[in-house]
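There are 6 protein chains.
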Amino acid sequence: MKEFYIGQLRTDDEIQDFFMVKTIAIKIGSNKKQYLDLFLCDKTGEITGKKWDVSDPELPALNEIADGDFVKVKANVTEWNGMRQLRVQKIRKSVPEDHLELADYIKAAPEKADDMYLFLLEKAEGMTDHDLRSLCVRVLEDNQEKLMYYPAAAKNHHAELSGLLYHVKRMLMTAERVCEVYTNLNKDLVMAGVILHDMEKINEIEADTLGMASGYSFEGQMLGHLIQGIKTIDRLAEELGIGKEKAVMLEHMILSHHYEPEFGSPKKPLFPEAEILHYLDMIDARMYDMHEALESTTEGDFSDRVWTLDNRRLYKPTSF
Amino acid sequence: MKEFYIGQLRTDDEIQDFFMVKTIAIKIGSNKKQYLDLFLCDKTGEITGKKWDVSDPELPALNEIADGDFVKVKANVTEWNGMRQLRVQKIRKSVPEDHLELADYIKAAPEKADDMYLFLLEKAEGMTDHDLRSLCVRVLEDNQEKLMYYPAAAKNHHAELSGLLYHVKRMLMTAERVCEVYTNLNKDLVMAGVILHDMEKINEIEADTLGMASGYSFEGQMLGHLIQGIKTIDRLAEELGIGKEKAVMLEHMILSHHYEPEFGSPKKPLFPEAEILHYLDMIDARMYDMHEALESTTEGDFSDRVWTLDNRRLYKPTSF
Amino acid sequence: MKEFYIGQLRTDDEIQDFFMVKTIAIKIGSNKKQYLDLFLCDKTGEITGKKWDVSDPELPALNEIADGDFVKVKANVTEWNGMRQLRVQKIRKSVPEDHLELADYIKAAPEKADDMYLFLLEKAEGMTDHDLRSLCVRVLEDNQEKLMYYPAAAKNHHAELSGLLYHVKRMLMTAERVCEVYTNLNKDLVMAGVILHDMEKINEIEADTLGMASGYSFEGQMLGHLIQGIKTIDRLAEELGIGKEKAVMLEHMILSHHYEPEFGSPKKPLFPEAEILHYLDMIDARMYDMHEALESTTEGDFSDRVWTLDNRRLYKPTSF
Amino acid sequence: MKEFYIGQLRTDDEIQDFFMVKTIAIKIGSNKKQYLDLFLCDKTGEITGKKWDVSDPELPALNEIADGDFVKVKANVTEWNGMRQLRVQKIRKSVPEDHLELADYIKAAPEKADDMYLFLLEKAEGMTDHDLRSLCVRVLEDNQEKLMYYPAAAKNHHAELSGLLYHVKRMLMTAERVCEVYTNLNKDLVMAGVILHDMEKINEIEADTLGMASGYSFEGQMLGHLIQGIKTIDRLAEELGIGKEKAVMLEHMILSHHYEPEFGSPKKPLFPEAEILHYLDMIDARMYDMHEALESTTEGDFSDRVWTLDNRRLYKPTSF
Amino acid sequence: MKEFYIGQLRTDDEIQDFFMVKTIAIKIGSNKKQYLDLFLCDKTGEITGKKWDVSDPELPALNEIADGDFVKVKANVTEWNGMRQLRVQKIRKSVPEDHLELADYIKAAPEKADDMYLFLLEKAEGMTDHDLRSLCVRVLEDNQEKLMYYPAAAKNHHAELSGLLYHVKRMLMTAERVCEVYTNLNKDLVMAGVILHDMEKINEIEADTLGMASGYSFEGQMLGHLIQGIKTIDRLAEELGIGKEKAVMLEHMILSHHYEPEFGSPKKPLFPEAEILHYLDMIDARMYDMHEALESTTEGDFSDRVWTLDNRRLYKPTSF
Amino acid sequence: MKEFYIGQLRTDDEIQDFFMVKTIAIKIGSNKKQYLDLFLCDKTGEITGKKWDVSDPELPALNEIADGDFVKVKANVTEWNGMRQLRVQKIRKSVPEDHLELADYIKAAPEKADDMYLFLLEKAEGMTDHDLRSLCVRVLEDNQEKLMYYPAAAKNHHAELSGLLYHVKRMLMTAERVCEVYTNLNKDLVMAGVILHDMEKINEIEADTLGMASGYSFEGQMLGHLIQGIKTIDRLAEELGIGKEKAVMLEHMILSHHYEPEFGSPKKPLFPEAEILHYLDMIDARMYDMHEALESTTEGDFSDRVWTLDNRRLYKPTSF
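From first to last, the protein sequence lines are chains A, B, C, D, E and F. Read left to right, the first sequence gives residues 1 to 320 (the working numbering). Read left to right, the second sequence gives residues 1001 to 1320 (the working numbering). Read left to right, the third sequence gives residues 2001 to 2320 (the working numbering). Read left to right, the fourth sequence gives residues 3001 to 3320 (the working numbering). Read left to right, the fifth sequence gives residues 4001 to 4320 (the working numbering). Read left to right, the sixth sequence gives residues 5001 to 5320 (the working numbering).
Don't read these hints as lab results, they were simulated from the structure. Every residue gets a Cβ at the ideal spot worked out from N, C-alpha and C, and that includes glycine. Check each hint, because a few of them may be wrong.
Stated by the list, open to error - Quick partial rundown of chain F residues pointing at chain B, CB under 10 Å, derived from the structure:
1. ALA5025
2. LYS5027
3. ILE5028
4. SER5214
5. TYR5216
6. PHE5218
7. MET5222
Build the full structure now, drawing on both the sequences and the hints.
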């Protein structure tokens, strides 16, 4: 249905298509005329738009459009300060008859939330250790609703609809395989660490049901998801009668999984399962960011600088 | 009663006095003869001692002496590799009739534990804020027994009998006065932060009733007293019905009071009372360490290097 | 008299009031018409203003207005790129009959400069140590004129009229109180350190009599106020016949009060009075910055990021 | 056959068994008598030994014993400065009839070198990419002889007989599995990176056929195995006719696999296969070090500090 | 011939002169009218220019002007956001009859490329060591063509026509003199290090024959000129039959000449000639940057912040 | 005359020669017998010595020997813990008839102090700038006596008799030559900076007339030679009527010559002469340390780790 995706727009294109409105405002320019200032998005990216010289009769219809709405737009793609921009000729709010697919407009994990949730639940239910199993199942059930849509970050890696589920799922997949090689690892403990490590992002980040983060919660800013996670395990462990050693080891896994003090972990991992948790987390974040950066890169060329990768520019080869 | 204190011994002194035994062992020297190897202490310091060529008839009496006992010793002060050492001629275990004062042998805070505890309790009971008052009183009562003797550190500042009480008391004294100058500070919140900030050292450090630390607990190593403190407040706040904002702010004060990630605080203080808590803590630690280093320094001279002060050598002036 | 303060302006307000001109210029827009570009301030903040389409007959009056003048302005508050801006309709230079209060336009310490100066002088005159007393009184008298208005910084904490006096006064208040708790400190030495530590900011920063800094002096850039302060003490100590130990200790206090090499102190404090000077300085700077950031923050909300506090966003509680 | 292993010796044990001699020397003690000074090892650790008061008639036999020989020793386990030590009563050089198993004395990888080599070769031969296949097979064949015994480090992780083979083998096992999860990775490129990344340790470290490193080579100190590896690939790629893009990407993988400049990598990974190589390397090193540290730790206790793990003390749980 | 140089333009100047076009484009303003957007340069700097309200009949001539062309411009110097800008009234493309001197428009080293190249070649040919001589002569001859114009950097020091030659020449001059003082240095080795150290910038940076860099090559980004230089020496040393010690020492000089890992050198210099190479390089870079920054600074004043000098502002004295 | 130098002694040598006594003491061993404990030196190094089982009749003669005396010793070279040691058989104090050359025992600069001093003075007197000339001559004359023997450091580079003179002389030699290449440098200013930069080491370090440092002075520890140097220039500039710009620039050169805050410079060089001063200082220190480390290294081998060179091991080539 949707024909023009923001990620693919090129300067001088003439387009007509639907977009989601991130922000919309009537402003007055330096020539003292009013114009429409837009910030639009779809699942592939974001772009600003301007409709110059808005006349008074147009205002009522424009005032109907709010942040989060969908609009149909006829526009030219221009360039301003090295950034693409839409010079809008026509704009109208979408109506139900437009039959838009939400998935076209929202950046989302590539798998269905239900399937991913079930994958996590199965892994939890398949644990041999009774304590870890009951704790993981409980935490998954307690957070099921929000897990369906929560992103794994406010920005950066997995900042997308169901990004948290996708992040945990892929880490579980790798975790299982790494335990085949390093057989001294307690697989249940690794899997439990993976399931629990970022769960409190649900209470640290404030996000809507489209997986879009608007900021951080009060407790998130004051304590952060590592400390919040420890508090949750502390309470649940008492409720479920889990022994102190197991509870504290899980709390330690959460506390140490960022590894470095400057990234939020005051303790370094003190047993192999805590150590491997950190690397599983790093691998998934880096593979995500690199994959995304290379998707919009031409073969034989370097990507734009990627902020989350220390401003590296990644290379996409031609011979592989 | 006690005449010779370890801190004042000089090479070539001949002494006869009581000391506490930190460790004692019979060993065999490179000349294949057995000798007695001692590590003795009193409230002013520590010293090694050797009794050479121990004969078999001496053994039964020596075997009666255990770590932690008190002994009477006749010895010469010698020097070995730049360290003073006792060449012991006679040694016997102390008996009740020796009427030793424990306080002569144990490094201790300069005030009575009971008085200091009461000072803390009065400050807690004097708080206007009902929630903070009930929480602080509760925590003080819950920990009263161990507070009486706990040191504030395994080594370094306030590693002494009742050192934790003394540390908190002096911080409270300064806190009250600083709130007179910076009147925008909520005094109850500052005082509560001071009372709570290090309380879980009681469960992080393992110490005996003489205030001597033997190491760190399992939970202490896995989480540390900041995280342990947050868990305690989390549970007590729920039990006492304290609102979330207050509880989380107190937890944040504990989490942030070491200020820098590399010293264990993943968050920096986010309100003035948390900020001032850090400085009150620093000032008390630094004044303690500096006072101690200068006590054994001659006027017009520099102290030995002080490890806790980045190896600085402190100066003791002659004209002040 | 003044009704509209910049700190309180909200978008869409219509206002009419006096402001101080930081900069004023006639410019030519991309539509080739001339407009008036203004940067205005009062004691609560700063704002840009534009008067579009300036006609030639207006020019003579506008050309009379210079940087530092006061103007009466009729304007609408608009928003541009997330910043508030004034769309000016009318503007005229103020006349004596407007009876403006300078204090409404200049950010200033909350106490009278005379009172603060007297407070410092009394503390200096009350010192027991003859050398420190004569040195401090001399330095205060030598710098009296500039002290009345000098800020304590070019920007950041205490960058305001008489900010330096206010900074020193509050530090002295805290210093006296801390010496009650840590009785081993030489109070005269601490107080002298406080009075002298930043005095050469007067010769490092270039500021006008409104306490507004325009930059750094030649010697300030080449040496900085720590080194400049040492040179001053070196000369005065010789003139006043102060012994070498005292002079060098004071010089060391100034040299070490920034504590870390990367903040300008090549030596760390080597005696307790130098150590406490650093913390008194830190506390006053931090309490000032935090108080200011929270003044314009709503209860239950976080402030904007504060650059001088490592970009922290401070929290203003509802329950305290 | 061997009964007493150094790793298990406890003070006061009386033992009689064979050990390998790391160093042996006749020395003269402070009592002016000659004694035998030994440094012995087996596959579980190292220990010093002393035989006091060596008489002249003993010397000819003792002089026959050289570094690297095996000896039979009768001794008591004593303690000296907190370290265990052997007080030797009898010592003789081993003879062929003692039928010693070299494997009892040499720390070695837990798998047979031949099997591991074949595993690597199979993986290389199974590559789809012709260039990578021919390069990897060639490098494996060129280095086959030394690969059989080379350690992966002079000390630290995998400093053992065939340690390099074992390190690469386990990385290949994990690499294959990670490529199942992150399907955008080019598996051949990852596997080739693993096979090549440390190969030049063979020319950086100087080691004997027992896998014991004696130091670093001239070129190893001047350039290091990363740069040496690049030079090798540069020459082989030319010889095998491998295109520039592939060759440079492999060189980049080697150059960047230590990730941080301070660990020897001037460039960070610029494509996902280079990124994952770093994590595969880290995981294997960390799992090795942690496994080893915990092997000699009691359940419910912490290990000694591990230098290669930032002096962490690892925990061995009781409930898992 | 050329009268107005960009480095000397002051606001409100009216000028008429030739400039080189870095970029040129027709754009549409917020008033929906087309305008000409220019970025012009000469050997003293760069400036933007705008020609407002371009009419359709002007377009054919304007469209003839391409990046890299020379234009004659009549314009006013205005100021926009603190930057000087040209308001263009007339513009035409230059014709051969204008007889422009390329040197007026291109930033270039102050000496002739031929002379500098000969200087280098003479130094190489004057070496006593046969191996170093043949290697240096060969490398100079292999790179002669590009050496004539290559800059020594993409930006920063010596980013100018023939900048690489000039950088090497001045380093050679200093190297000879330093070897007179430190007579234990092997002069041939120092001189060879200087000639070779940056040679592969020719293959790391992509630059045109005017010495203007457009970016970095594939191999430059993947490996960098240090590693590229090692590869080159490795191949040439084999071809020329230079012994391993000499070849590896030269490779080490190149590898270590940035000195710190974070600047690209995984090894620090391990012999005096490698050490001095680093300092010769630093001195030349710093003298260049400082000289350039002070050229446009008034006596008694400070320069703008210089990015390559840690944002220092340099001082130009009046009394020297 | 002297036959055996400490730097060349090998284990098992039997020697008889003179040495200087750094420390001497009678001690009692663990076998309860007295022995003589010696620490001896000559210009090539230091070594410990033991004379076992000292009998009472020997004591009067031994007691005559004091620290700093010269002794004749007959001894065997033994090894203890990897360090060479002398087992002394005979020892006697030297007498005038032994005709010892002080230079054999004291580490010293390779040139005569008088010559070096004259070199410095000539350079000062040859300055064109009257102010710099009079200041430098004055400082050289004021410090002439101590300059004759002062080392340039307490340990590390130039810690030797007249080391400070030698350090300054070689820097002046390089400075002159560098000014030939970088002709924009003011040579007088560079030369003055070199002469003055370390002069206050004379008042920072406490050293005897043999150039051996015993520690740091009170003012040296409190302020350091950079600050001390600024104070001296400040006073002399006033006395000699040198203008403020010149005085402050010289003070800045001294303040900034360590370059990095963590090495004691709160400001970085702000003009080229200050910048070059830093590099001249670095080069001379590094060339000195490297030359010394390589003197005792065999060709084709690496030196011991050099602490002042970040623990590098330097290489001494065979083919140069």
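Item to check | Hints breached by this structure | outcome: Those not satisfied come down to hint 4.
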